[in-house]
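> Throw the hints in and build the complete structure from the sequences for me.
The lines below spell out each chain.
There are 2 protein chains.
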Amino acid sequence: MKATANAPANIAFIKYWGRRDHQLFLPLTTTSSMNLDACRSTTTVDFDPAYDRDTITIVDEQGDRKEVSPEGSRKDRGLFRQLDRVRELAGTSLRAKVLSSTNIPLDAGIASSAAGLCAFTAAALAAIGLRAMVEDREALSREVRLTGSVSAARSTHDGFTKHLFGERHEDAVTRQIAPPEHWDLRDLVAVVTREQKSISSSLGHELAHTSPYLEARLAEMQSRIGLVERAILERDLCTLGPAIEFECISMHAVMMTSTPPAYYWSPGTIAVLKQVLGLRKAGLEAYFTLDAGPNVHVLCEAPQAAELECQLRSNPFVTAVLHNRTGVGVRLLDTQFF
Amino acid sequence: MKATANAPANIAFIKYWGRRDHQLFLPLTTTSSMNLDACRSTTTVDFDPAYDRDTITIVDEQGDRKEVSPEGSRKDRGLFRQLDRVRELAGTSLRAKVLSSTNIPLDAGIASSAAGLCAFTAAALAAIGLRAMVEDREALSREVRLTGSVSAARSTHDGFTKHLFGERHEDAVTRQIAPPEHWDLRDLVAVVTREQKSISSSLGHELAHTSPYLEARLAEMQSRIGLVERAILERDLCTLGPAIEFECISMHAVMMTSTPPAYYWSPGTIAVLKQVLGLRKAGLEAYFTLDAGPNVHVLCEAPQAAELECQLRSNPFVTAVLHNRTGVGVRLLDTQFF
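So the sequence lines, in the order shown, correspond to chains V and X. With the working numbering applied, the first sequence covers 730 to 1067. With the working numbering applied, the second sequence covers 730 to 1067.
Source of the hints: derived by calculation from the structure; they are not laboratory data. This structure is a prediction, so every number in the text was calculated from the model and none was measured. In this text, a Cβ means the ideal position worked out from N, Cα and C, and glycines have one as well. The reader is advised that the hints may include incorrect statements.
On the chain X side, residues computed to face chain V include the following (Cβ under 10 Å) [unchecked claim]:
| id | residue |
| --- | --- |
| 1 | Leu-859 |
| 2 | Arg-860 |
| 3 | Ser-927 |
| 4 | Tyr-942 |
| 5 | Glu-949 |
| 6 | Ile-954 |
| 7 | Val-983 |
| 8 | Met-985 |
| 9 | Trp-994 |
| 10 | Leu-1002 |
| 11 | Pro-1023 |
Structure, rendered in structure tokens:
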């Protein structure tokens, strides 16, 4: 009973920060994103009577292997809970062996966990015999969200997607805004540091409520949700760009005014932000956004991508540029890791 | 009819950002600060029938001279308007020669203009025969505010000061919170860049109203005003420190969410912020704050100052450290520049 899935990271245009329900991980707003074709995670899950306990191994982008401990971090423990949940759905007590591999720097705010949690959940469901639940992408998105990550749930569909606010757990699902071929948008991730975050996103979501700015953010961002979706549908980067820049600053304002504050920026973050502002002034249509981390995602259309990549690589703070096209969502693969 | 005044820059603990009246420059809230003993400006003003027009010369910290043009920037034009105002108060039409010298990097967010505008106004009033108005520090603070800078008005009194919200122009005056000898607090300014700001503070105050976060800021900061004043009176850095850190992030959140946004931070800003957080974790009691600029003010008590200065100097992003004690306010001097 083995299955393998591959899932993309995504870059959020409307950001997920703060939850209204920490059991069901229901987000405070509808959020939206674009799947990335070059930042992905592949996971094989095998349920078998031969295993007397669950083992989970993650291979990072450097090829280093890490055994995940059931007594580890909050995120680590969540993986084991997700296996329990899948077993319960299938009515079985079989233990699992999991191997997950990613090409994304871990914990640096490039949604490596979104890709990982989406692939992990899809592979686990397929391996245990619930393949129909993987085919039903909305149902899958709910299951993925229960890992603790709305970002991961957005990786279930192809192209540009949104995860709905949803009054109840049943309604809080991912929908497609547009397929990948709709718009050849590029996300160049300017990697400025591979340092791990000092405050995990998961903890950050709980701290959001301590910011005196959260309420103002929730009010001011409502009109942006529809604006961003329309801009995607109309392939209107001049509207999308300023909206996503404002959105990420708005989220980081909440992060930095939480107690304790989360300062996710590094010197290179500012250097790239200012470079993008300068390039735009010079006529290169590019816009930045940030996830909960220091690395900067720079969005542009295909004709500007080569020049933009060249410019970003010349920035002394930038150690690598990951060039992403719009990607498909999660896929089951025929080949297994083991 | 010549007079010379010396005035300090100050570091705001409760920040001035946004005005409710752009003619009288009435601020949105009461603000408070500490005068700096090492960052100062000296100005000689001479009213004389020999002059057929006003001339204003500024000598910067590098010794470079700049002639201020009456058709120059908003800030430049304000200086000539202030001479008109002083002439009107004195009922004279004499033209003036002004020479102002500072040891502070200009326009880099170290309140060089606060020092300059305070010394300039005091010297002009004294030169034109309104010395009594300089002696009455509250009256002086109103006149200084009319240059366009509440920050400058806080430099009129000694030590730790506040500029009151004040319902009317008459009530919006500076008061002393405590004299310099009350608390040997140090402000080490970590200079990370001498680049000029792309958005002046003066313009920024007008943009504040475009931020969807301004209202939330005004609400959340009210309790901090009294908290900071009590912390100064009780020499309680453990209370003052987190409050001023929160306060500056709160102000920059408004700046970065204005339209257009003002990004005052540079890579070195983040580097010093993170260094301060790290030093504190390691047991060195120090706190950061930022004005409308990239350079970081790091507050500590006297016993920690030498170690802190040494640490800041070792930061590769830091090009200079200006070590300030608590300073006196504006003073008339007996010596003239010319």
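> A separate judgement is required for each hint: does it hold in the structure or not?
Structure-based check of each hint:
no. : hint     : result
1   : Leu-859  : 44 Å, violated
2   : Arg-860  : 46 Å, violated
3   : Ser-927  : 9 Å, holds
4   : Tyr-942  : 5 Å, holds
5   : Glu-949  : 4 Å, holds
6   : Ile-954  : 15 Å, violated
7   : Val-983  : 8 Å, holds
8   : Met-985  : 5 Å, holds
9   : Trp-994  : 5 Å, holds
10  : Leu-1002 : 7 Å, holds
11  : Pro-1023 : 9 Å, holds
Consistency note: the structure conflicts with the earlier hints numbered 1, 2 and 6.
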